[in-house]
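Chemist: Now for the letters of each chain:
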Amino acid sequence: MPTNHAAHLPPLPDLGGPAQPLLSVRHLTKHFALAGRGLRRSRDVVRAVDDLGFDLRKGETLGIVGESGCGKSTTSRLIMSLLAPTAGEIVFDGQVVGGRALPMKDYRRQVQMVFQDSHASLNPRLSIENAIAFAPQVHGLARRDALARAHELLDAVGLAPAQFGARFPHQLSGGQRQRVNIARALALRPRLLILDEPVSALDKSVEAQVLNLLVDLKARYGLSYLFISHDLNVVQYMADRVLVMYLGKVAEVGAVDAIYGRPAHPYTAALLASRPSMDPARRRTRPPLQGDPPNPIDPPSGCRFRTRCAHAEAVCAAQEPALAVLAGGHAAACLMNAPGSGHRAAPVRRVEAARVLA
Amino acid sequence: MTSAPDTPLVHVRDLRVAFESREPGVATVAAVNGVDFDLAPRETLCILGESGSGKSVTLRALMRLNPARTTRMSGTVRVAGQDIASASEAQMTAVRGRSVAMIFQEPMTALDPVFSIGTQIAETVRRHEGIDRAAARRRALQLLELVQVPSAARRLDAYPHELSGGLRQRAMIAMALSCRPRLLLADEPTTALDATVQIQVLLLLRELQREMGMGLIFVTHDLGVASEVADRIAVMYAGRFVEEAGVSDFLRQPMHPYAQGLLGATVHAGSRGRPLVTIAGAPPRLDRLPAGCAFAARCDRVMPACLDAMPALAAAGADRSARCLLVTPPRTALAA
Numbered sequence: 001m002p003t004n005h006a007a008h009l010p011p012l013p014d015l016g017g018p019a020q021p022l023l024s025v026r027h028l029t030k031h032f033a034l035a036g037r038g039l040r041r042s043r044d045v046v047r048a049v050d051d052l053g054f055d056l057r058k059g060e061t062l063g064i065v066g067e068s069g070c071g072k073s074t075t076s077r078l079i080m081s082l083l084a085p086t087a088g089e090i091v092f093d094g095q096v097v098g099g100r101a102l103p104m105k106d107y108r109r110q111v112q113m114v115f116q117d118s119h120a121s122l123n124p125r126l127s128i129e130n131a132i133a134f135a136p137q138v139h140g141l142a143r144r145d146a147l148a149r150a151h152e153l154l155d156a157v158g159l160a161p162a163q164f165g166a167r168f169p170h171q172l173s174g175g176q177r178q179r180v181n182i183a184r185a186l187a188l189r190p191r192l193l194i195l196d197e198p199v200s201a202l203d204k205s206v207e208a209q210v211l212n213l214l215v216d217l218k219a220r221y222g223l224s225y226l227f228i229s230h231d232l233n234v235v236q237y238m239a240d241r242v243l244v245m246y247l248g249k250v251a252e253v254g255a256v257d258a259i260y261g262r263p264a265h266p267y268t269a270a271l272l273a274s275r276p277s278m279d280p281a282r283r284r285t286r287p288p289l290q291g292d293p294p295n296p297i298d299p300p301s302g303c304r305f306r307t308r309c310a311h312a313e314a315v316c317a318a319q320e321p322a323l324a325v326l327a328g329g330h331a332a333a334c335l336m337n338a339p340g341s342g343h344r345a346a347p348v349r350r351v352e353a354a355r356v357l358a
Numbered sequence: 001m002t003s004a005p006d007t008p009l010v011h012v013r014d015l016r017v018a019f020e021s022r023e024p025g026v027a028t029v030a031a032v033n034g035v036d037f038d039l040a041p042r043e044t045l046c047i048l049g050e051s052g053s054g055k056s057v058t059l060r061a062l063m064r065l066n067p068a069r070t071t072r073m074s075g076t077v078r079v080a081g082q083d084i085a086s087a088s089e090a091q092m093t094a095v096r097g098r099s100v101a102m103i104f105q106e107p108m109t110a111l112d113p114v115f116s117i118g119t120q121i122a123e124t125v126r127r128h129e130g131i132d133r134a135a136a137r138r139r140a141l142q143l144l145e146l147v148q149v150p151s152a153a154r155r156l157d158a159y160p161h162e163l164s165g166g167l168r169q170r171a172m173i174a175m176a177l178s179c180r181p182r183l184l185l186a187d188e189p190t191t192a193l194d195a196t197v198q199i200q201v202l203l204l205l206r207e208l209q210r211e212m213g214m215g216l217i218f219v220t221h222d223l224g225v226a227s228e229v230a231d232r233i234a235v236m237y238a239g240r241f242v243e244e245a246g247v248s249d250f251l252r253q254p255m256h257p258y259a260q261g262l263l264g265a266t267v268h269a270g271s272r273g274r275p276l277v278t279i280a281g282a283p284p285r286l287d288r289l290p291a292g293c294a295f296a297a298r299c300d301r302v303m304p305a306c307l308d309a310m311p312a313l314a315a316a317g318a319d320r321s322a323r324c325l326l327v328t329p330p331r332t333a334l335a336a
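Going down the list, the sequences are from chains X and G.
So in this note's numbering the end of the first sequence lands on 358, straight run, no missing numbers.
So in this note's numbering the end of the second sequence lands on 336, straight run, no missing numbers.
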């Protein structure tokens, strides 16, 4: 890849070395106040994200899965600073985002986002080459260089610059628009891309094209991805590690093989078992879960999943499970995995758990 | 009903639907371009296709729901013995709901926001069966119980916005089933639902169909959903069926290159670590369809003969058919 424009927009340095997480989310919380003013003001809040913590390692794709209302999109907007958190902090390569060491403008160069709705996220009045060149110009690139960079990126996402550069968003198909969004996200040479349901609005044959493109771009530009999707098959294809969210909290997190092969949280197991079988001879006969996810305004006490969980016991209402590390490099927030929690299925003593881990 | 037990519930021949624009100079869009199929009573056909393939328009044509002023429809459509193409509006009103009912992708827009769901279900029953208000309300309650709405008596008075997505979809199914239709049409009914709710609704539909002995035509873009409910699968492309087969045969060995591409492009558990199969390019514009095979421009095995004329949908083995010269060379196509 020729980097003749590097003088203007240099690649960003790796600060903490490969072992330091690229992104660390600590106690991240976002409560949305419900509508109403003055005396009518409601004290209820939507607990969209509640004390969320995770690391995203350098070079990996971390998948976030969960149902609507679980807080996955709020999480992405918090990480992008499109929303201000109620509490918690975000650390990027060792530096607190928005702090003295990493002001917002510098952070925004490092983290970019691709949204689900490819049409709504493009300015209808900008030709696509201008849309891609916009941010580099804001960051000080001359217009000529920014346009050259835009053409380079259009080429990289498989759109011939001479043919497509001057077109406007409405003149493109959904798949082509999503390619433009990806090119625009890459324009500032970011190190992390947040992909929020990037293929959910696309047809299957186009979805495959865009997923292949994302895999190629990640290797070519040395990117890390935070890949948010409700589609478990797509996340399994893309992710190195997977975070399962339920009602604003982490239910389970770990390597993709561990999550899909040996799910430890009953919610993860139910999500996986809800996938259509793709085999008419082995159709599902019973739904793994009943009902819809509860309302995040008033989440259940203790474990938030207990109202839909087949293994719930009295202790699940009283005690909120912490993330417990399990064998095989993953962690689940379920009392059945927490030694001595009081749940009948929990491991009895800590010693045993330690031996399993060793 | 007039139909004998062995006559198909749905009989469609050479169905064509085009949308004409009232603005001068805007081309006519040929959405459905010659669809033939039969559906036996109690059978489930899944119509699989991408956006713009004509699958929803085909479904709406079976109830004549496409906008009358701009739609040009031709061909034979018989549903439960009634000729849909020539029926009067009054006859159609009797057919809709009683013989055929439809459920839609987005229950929030399909339900009326200013009436409680109990009122909406009862209204349908009263309209078709002429029973009194109290009896209709009792039927509405039974129907909500039938579709497994928890605490149904309380939910009768709920407005659509007070229900979760899964419950709204169940309420819409209850309304569709209120007159015990012989044919249920489902237009992507689970696409807007979460995974754990989607499987509940799919299993419910399968169960209700068996209990009530309905035929079901289910439109979806999701191969996994189709494999969960279908007896037969029809793949649609540019307004035509390009392949039709039993669901097991289809998943084991799709024959049409487009169907093969679609199967290859679908991400599944075994896809990891390999590039996905893609279909290059995009579907043709429906206002200027090519003379030959509509898929030829994207097909990697295209031959000169493909460009001359649209191949016929021809038998391609036991109880399956495909619209491709590779599968059925012209001579066999003529014999079929």
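Rather than coming from a laboratory, the hints here were simulated on the basis of the structure.
Just so it is clear, CB atoms sit at the ideal spot from N, CA and C, and this is done for glycine as well.
There could be a bad hint or two in this list.
[Said to hold, decoys possible] One side of the interface only, derived from the structure: several residues of chain G facing chain X at Cβ under 8 angstroms: (1) Ala94; (2) Glu162; (3) Asp194; (4) Ala265; (5) Ala315.
[Unchecked claim] According to the in silico footprint, chain X covers these stretches of chain G (three or more CB under 8 angstroms from chain X): (6) 13-21; (7) 39-46; (8) 108-116; (9) 273-281.
Chemist: Take the hints in turn and mark each one as holding or not.
Modeler: Now for the hints, and whether the structure bears them out:
Proximity of G:Ala94 to chain X is violated relative to the hint, the smallest CB-CB distance being about 35 angstroms (cut-off 8 angstroms). This hint is violated: G:Glu162 has a C-beta 11 angstroms from the nearest C-beta of chain X, more than the 8 angstroms allowed. Against a cut-off of 8 angstroms between C-beta atoms, the interface hint on G:Asp194 holds, since the closest Cβ of chain X lies about 4 angstroms away. Taking 8 angstroms as the C-beta cut-off, the interface hint given for G:Ala265 holds, the closest approach to chain X being about 4 angstroms.
The restraint placing G:Ala315 at the interface with chain X is violated, with a minimum CB-CB distance near 22 angstroms, outside the 8 angstroms limit. Check result for the region 13-21 of chain G against chain X: violated, 0 residues qualifying (beta carbon to beta carbon below 8 angstroms, three or more required). Interface restraint, the region 39-46 of chain G with chain X: violated (0 residues with C-beta to C-beta distance below 8 angstroms; minimum three). Counting residues of the region 108-116 of chain G whose C-beta sits closer than 8 angstroms to any C-beta of chain X gives 0, which falls short of three, so the coverage hint is violated.
Counting residues of the region 273-281 of chain G whose beta carbon lies closer than 8 angstroms to any beta carbon of chain X gives 5, which meets the minimum of three for the stated coverage.
Checked against the numbered hints above, the structure violates hints 1, 2, 5, 6, 7 and 8; every other hint is satisfied.
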